[in-house]
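Chains V and B are the protein sequences, given in the same order. Okay, so the first sequence: first residue is 1 according to my numbering, each after it adds one. Okay, so the second sequence: first residue is 1001 according to my numbering, each after it adds one.
Treat the hints loosely; a few may be bogus.
[What the hints assert, rightly or not] Cβ-Cβ distance ranges computed for the label pairs, FRET-style: (1) 1003/B with 416/V: 15 to 23 Å; (2) 1096/B with 492/V: 15 to 23 Å; (3) 380/V with 1003/B: 38 to 46 Å; (4) 1020/B with 476/V: 29 to 37 Å; (5) 386/V with 1003/B: 39 to 47 Å.
To be clear, the hints were calculated from the coordinates, so they are not data collected in a lab. Don't be surprised by glycine CBs; every beta carbon is placed ideally from N, CA and C.
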Amino acid sequence: MASPARVNVSERLRRIESITDAALAHLDFEELLEELLDRICELLDVETSAVLLLDDSAQLLVPTATRGLEDEIRQGIRIPVGKGFAGRIAAQRQPVILERVDRTTVVNPILIEKGIRTLLGVPLLAGRSLLGVLHVGSRSGRKFFDEDVKLLQLAAERVALATHVRLAEMERATTEALQRSLVPTRLPALPGLDLAARYVPGEGNGVGGDWYDLFVLPSGWPCLVIGDVVGHGLRAAVVMGRLRSALRAYALEGADPATVLTRLDRKVLHFEPGAMATVLYAMFEPGLERLHVSSAGHLPPVLATPGGEAAKLLELPIDPPLGVRLGQGRRTTTIAMPAGAVLCCYTDGLVERRGGNIDNGLRRLCAVVQARPAEDVCAAVMSAMVGSNPTEDDAAILMVRRETSVELAPLELVLAAVPTSVREARVAARHWLATAGATPEDRNDLLIVLGEAVSNSVEHAYGPRGGEIHVRLEHAPPDVLVTVRDYGTWREPRGRGRGNGTTLIRACSDEADIEHGPSGTVVRCRRHLTGQDAR
Amino acid sequence: MTIANVSVRADGTSVLVTIAGEIDIDNADDVEQQVLQAIDNRMTGVRLDLTYLDYMDSSGLRILFNLASRLKVLQIDLDVVAPPGTPTRRVLELAGFDAF
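Only chain V is shown next, with the shape it has when bound in the complex (with noise of 0.2 Å):
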């Protein structure tokens, strides 16, 4: 066989071109691979090419696409970085040329398989960074030249270029997804609170760690966080990921929001050394009157009232961030929460400005919060303090405003008709009938009435297969009238000690009437409202 390394002018310019050819440019980062690496095979006479990218955090080289060594891929071949023949070309950043291939120069058992005798293997490197290796085998034994490793240099150069590119694509498409798919633009139905959110990338920055979260404990309380990794792209998002799950695993063990957030810290401090964020945890109890708020280094949220006071900043005491490990105790502060007033908690990244003043900044957004339905008021943030001028760092803003009983749209559910049912029409009515100005007597009557009537038809309505139970709450002063309705087919109650149901329906309201039909059981109930007059 002629040695390869003899070639002539014009051939070694094929072969540049080749690489270098500009209508690679137009495939994607997949098809670019697998297209160098067949004239990578085709150039240098070799049968077997792979590239293997780094794993940085875990310093391993994992083969990521090849020809002639697909079983590097299949068996999910990992190559620590310093071993073997492509962990030494990482480890020395330099080309490695191999003239015997056996246990003690290689440690894929797959190149021994494949009966590989030669390999040349040179790094791939973006400025000073090392992104993987790229190298070449030959079965027969051939010997690699000077001009052989300038060849795959070249073709490293391009293989480097795209993988660099299509590391930052992915960055930031996968921070952009993770974002999108833990801080929702949509927000949870939450019966006598008007909700509205928004989320910005940076204009530096992009995509980084600022989250807010919005969810209804077992027991009825509806919760709220807003909170701020330091840091931008995946590293916080991953981090904000962990933190946002972790805070309601906590919240749900019940503790109240200082202890929810140390027990937070204590995480961070364990499990992301390194890692600094700021949160603000809130909780309202279930009739919504009052708020009960700790601050982990978080800016305090705007109140405004109606009744036209300008809006002020919440007066709470700020605890230190998550992750700086101070060891003093948290507080929780008790605010209370008139109805029609507007909370908006927000991150840094609304109020500050580079060169600007954070005192300034607060000062504006206290000036457009009004307490007025939250997405008009979210609009009106927006428009002061963004505008057409893109801020720096992300900002979110999570904006609850409490609804007045004037405007309380009727409650709608459609239920499963399974047990856990109940106390999800429970937890809803609760928010519903505080909203509707009724007395704690009156309030917990009507949830009587509520989930018997919904518990009747879960055990009675349906056969296993189950189906749907409807429940309207409305408020007509002075009154609220209740309505469940399931379309089954109603069966006598069974077992000892059941039927009493129906006797706390009729004695929990004024009026009250059952009807059981061959298209289902309506229950509808008529309950006054203590001093409350008709409108």
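Could you slot chain B onto chain V? The hints should help.
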């Protein structure tokens, strides 16, 4: 998931069972098991404290009626604590539990 916390403090031949949280059809069987496990047949008295129960409907009443009739057979005294003004007191009164 409806949550109730059942705590038990036994003192010689009597036991104090405190139920806090909520009881509906979702967790009633579970609560009933926990209450029954707290009582053995050497007891002479059971005190059931429902002061901290935020919600209870007929599925809770069912537990109480069943428990009361079982304890009557076993000749164990049952004392239910539900102070005036609590949601549970109202349900007990409406169902005639005090007359049991």
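Now for the hints, and whether the structure bears them out:
Judged by the Cβ atoms, the range 15 to 23 Å given for residue 1003/B and residue 416/V holds: they are separated by roughly 20 Å. Roughly 21 Å separates the CB atoms of residue 1096/B and residue 492/V, a value that falls within the hinted 15 to 23 Å. Distance hint check for residue 380/V and residue 1003/B: the Cβ-Cβ separation is about 40 Å, which falls inside the suggested range of 38 to 46 Å. As the Cβ distance of residue 1020/B to residue 476/V is approximately 35 Å, the hint placing it in 29 to 37 Å holds.
Checked against the hint of 39 to 47 Å, the C-beta distance between residue 386/V and residue 1003/B comes to roughly 42 Å, which is consistent with it.
Violation of the numbered hints given earlier is absent; every hint is satisfied by the structure.
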